[in-house]
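**Q** Spelled out, the chains give:
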Amino acid sequence: MLKYTIPLSLVSFALALIFALLIALAGLSPRPYLRLPSRFYVWIVRGTPILVQLFIIFYGLPNVGIVLPAFPTVVIALTVAEAAYCSEIMRSTIKSLPQGQWKAGYSLGMSPFQVLRRVILPQAARISIPPLGNQFIGLFKTSSLAALVTLPDLFGVAKQIAASTFEPMLLYIIAAGYYLLICSALTVGQHRLEKKFGNYSL
Amino acid sequence: MLNVTQLRKSFGRTEVLRGIDLRVAKGETTIVIGPSGSGKSTLLNCLNLLEIPDSGELELDGQRMKFGDGGKKRTRELIGYRQKTGMVFQSHQLFPHRTALENVIEGLIVVKRWNRSDARRRGEELLAKVGLREFADRYPAQLSGGQQQRVGIARALAMDPAVLLFDEPTSALDPELVGEVLRVMKELAREGMTLIVATHEMNFAREVADRVIFMEKGLIADEGTAAHIFGASRNERVRQFLSRFDAAAELPSVPVRVQVQATL
Chain C
1 MLKYTIPLSL
11 VSFALALIFA
21 LLIALAGLSP
31 RPYLRLPSRF
41 YVWIVRGTPI
51 LVQLFIIFYG
61 LPNVGIVLPA
71 FPTVVIALTV
81 AEAAYCSEIM
91 RSTIKSLPQG
101 QWKAGYSLGM
111 SPFQVLRRVI
121 LPQAARISIP
131 PLGNQFIGLF
141 KTSSLAALVT
151 LPDLFGVAKQ
161 IAASTFEPML
171 LYIIAAGYYL
181 LICSALTVGQ
191 HRLEKKFGNY
201 SL
Chain F
1001 MLNVTQLRKS
1011 FGRTEVLRGI
1021 DLRVAKGETT
1031 IVIGPSGSGK
1041 STLLNCLNLL
1051 EIPDSGELEL
1061 DGQRMKFGDG
1071 GKKRTRELIG
1081 YRQKTGMVFQ
1091 SHQLFPHRTA
1101 LENVIEGLIV
1111 VKRWNRSDAR
1121 RRGEELLAKV
1131 GLREFADRYP
1141 AQLSGGQQQR
1151 VGIARALAMD
1161 PAVLLFDEPT
1171 SALDPELVGE
1181 VLRVMKELAR
1191 EGMTLIVATH
1201 EMNFAREVAD
1211 RVIFMEKGLI
1221 ADEGTAAHIF
1231 GASRNERVRQ
1241 FLSRFDAAAE
1251 LPSVPVRVQV
1261 QATL
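Chains C and F supply the protein sequences, listed in that same order.
Residue 181 in the numbering used here sits at position 181 of the first sequence; the count goes up by one each step and never skips.
Residue 1063 in the numbering used here sits at position 63 of the second sequence; the count goes up by one each step and never skips.
Any given hint could be a false lead.
[Claimed, not checked] Taking lysine-lysine pairs in the DSS-like style, the calculated list, with each CA pair at most 25 Å apart, reads: (1) C/Lys103 <-> F/Lys1112; (2) C/Lys95 <-> C/Lys196; (3) C/Lys103 <-> F/Lys1084; (4) F/Lys1066 <-> C/Lys103; (5) F/Lys1026 <-> F/Lys1112; (6) F/Lys1084 <-> F/Lys1026; (7) F/Lys1084 <-> F/Lys1186; (8) C/Lys103 <-> F/Lys1073; (9) F/Lys1186 <-> F/Lys1129; (10) F/Lys1217 <-> F/Lys1186; (11) F/Lys1026 <-> F/Lys1186; (12) C/Lys103 <-> F/Lys1072; (13) C/Lys159 <-> C/Lys141; (14) C/Lys3 <-> C/Lys159; (15) F/Lys1066 <-> F/Lys1084.
[To be verified] Chain C stretches covered by chain F per the calculated footprint, using a threshold of three residues with CB under 8 Å from any CB of chain F: (16) 112 to 120; (17) 142 to 156.
Simulated from the structure, these hints should not be mistaken for laboratory data.
No residue lacks a Cβ here, since even glycine has one placed at the ideal position from N, Cα and C.
Build out the structure end to end from the sequences listed, making use of the hints.
**A** Spelled out as structure tokens, the structure:
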């Protein structure tokens, strides 16, 4: 039950963060051949329901000969969607930093990449902890869609047992309790992170 | 050592620099004055290539850069040039996530690839020079405006630049914090550092300037020694501009306030 829900969320989020950073940087680039594909990706993914995306991958792709098992299907769907949302968070936090920080880095003779790595990203990372934490909590709950493509995750197991015991009320409340418990732990973790990275501003 | 020839820069349709010619010798202190919007800040930003000039030529310490010939400047070339200049910003622009010492040595470690212990030693020397040895481990947010600006100076000095540019370094400071920053700058001028300073601090300009440049509408309207500009400028606009500062300095602010309170 948690055997699927937790790895599903962790793997998808980790992958999503990596792609999100690349998409965000491309979206901020002055070069149109990087920026436009990035904006296009975000537009498509953000503008369609994740459940529909999931069904396209799981039930649609077999039509064109691509059959994926349930677990990778859910990981792909969650990663694709989450990368779009997280990239918007990263793009906006990077943009929110004063232009003067770039100038300060350049004035020391740093390359654009060095300014990004040493000056911009550490500050952007700190600012984006709360919204990204929020995003992860959202992703954790969205992972319950896995049950709809036959994966026995937390919600999927609750569904099965509810169906065989005719106790849906009880089972779904238990499932909700599990989700709430883990989300509470994640919230605490997010606050810890905020504290840890917030030490330089008074 | 620094030669500027016919430097031009526009933002959109606004011509901000309309052909600046400037020669600065090693060890000289050049003060740039002029009304807001006259192009002082843009000039300094162009000298550091934080803004790329539209046309003209820059030559610093043997490196010559020509602009407006169609070719795009390579990043490597820009970086090489920028390393020879240091910049102190009006709003310090320290890196908020790094301590005072880390700010000072950032360039040494990332750009010059010094090892950490050498960089630390050099950073501590520089912080001592600007009177902040005890503040090495403070974050910028824990420092006063004057202290932040002095860390900014130390950070720029760390790269051992051929010329140090100051973009209104005291304009954003509370009046009582201005003195400590100017003191450090005077010390640098005395030591023979080459300085170009945009400022509204006229007394400071009188005291340290080897040369004063008066800018207006993107051009150098007048230039000369401090004695020339402040005493004998025949340029009507210069006299007008400076008279506002004299008038401000002569305002009897304290007695007036006492009087007002008494009549209440």
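**Q** Look at each hint and say if it fits the structure.
**A** Okay, the hints, checked on the actual structure:
1. Of the supplied pair hints, the one linking C/Lys103 and F/Lys1112 holds, its CA atoms being roughly 18 Å apart against a limit of 25 Å.
2. A C-alpha spacing of about 23 Å is found between C/Lys95 and C/Lys196, which places the hinted pair at or below 25 Å, so the restraint holds.
3. As the CA atoms of C/Lys103 and F/Lys1084 are separated by approximately 15 Å, the hinted pair is consistent with the 25 Å bound.
4. Only pairs whose Cα atoms come within 25 Å are accepted, and F/Lys1066 paired with C/Lys103 is accepted, the gap being roughly 21 Å.
5. For the hint pairing F/Lys1026 with F/Lys1112, the CA-to-CA distance comes to about 23 Å; that is within 25 Å, so the pair holds.
6. A C-alpha spacing of about 13 Å is found between F/Lys1084 and F/Lys1026, which places the hinted pair at or below 25 Å, so the restraint holds.
7. Restraint check for F/Lys1084 and F/Lys1186: the C-alpha separation of about 21 Å stays at or below 25 Å, so the hint holds.
8. For the hint pairing C/Lys103 with F/Lys1073, the CA-to-CA distance comes to about 17 Å; that is within 25 Å, so the pair holds.
9. Annotation: proposed proximity of F/Lys1186 to F/Lys1129 holds, straight-line Cα distance about 12 Å (limit 25 Å).
10. For the given pair, F/Lys1217 sits about 29 Å from F/Lys1186 by alpha-carbon distance, which is inconsistent with the 25 Å threshold.
11. At most 25 Å may separate the alpha-carbon atoms for a hinted pair to count; F/Lys1026 and F/Lys1186 meet this at roughly 16 Å.
12. A C-alpha spacing of about 19 Å is found between C/Lys103 and F/Lys1072, which places the hinted pair at or below 25 Å, so the restraint holds.
13. The suggested pairing of C/Lys159 with C/Lys141 holds, with an alpha-carbon distance near 15 Å, which does not exceed 25 Å.
14. Using a Cα cut-off of 25 Å, the hinted pair C/Lys3 and C/Lys159 holds, with the two alpha carbons roughly 16 Å apart.
15. Between F/Lys1066 and F/Lys1084 the CA atoms are separated by roughly 17 Å; this keeps the pair inside 25 Å, and the hint holds.
16. Only residues whose C-beta sits within less than 8 Å of a C-beta in chain F count toward coverage, and the segment 112 to 120 of chain C has 4 of them, enough to reach three; the restraint holds.
17. Taking a C-beta to C-beta cut-off of 8 Å, the segment 142 to 156 of chain C contributes 0 residues in contact with chain F, too few for the three needed, and the coverage statement is violated.
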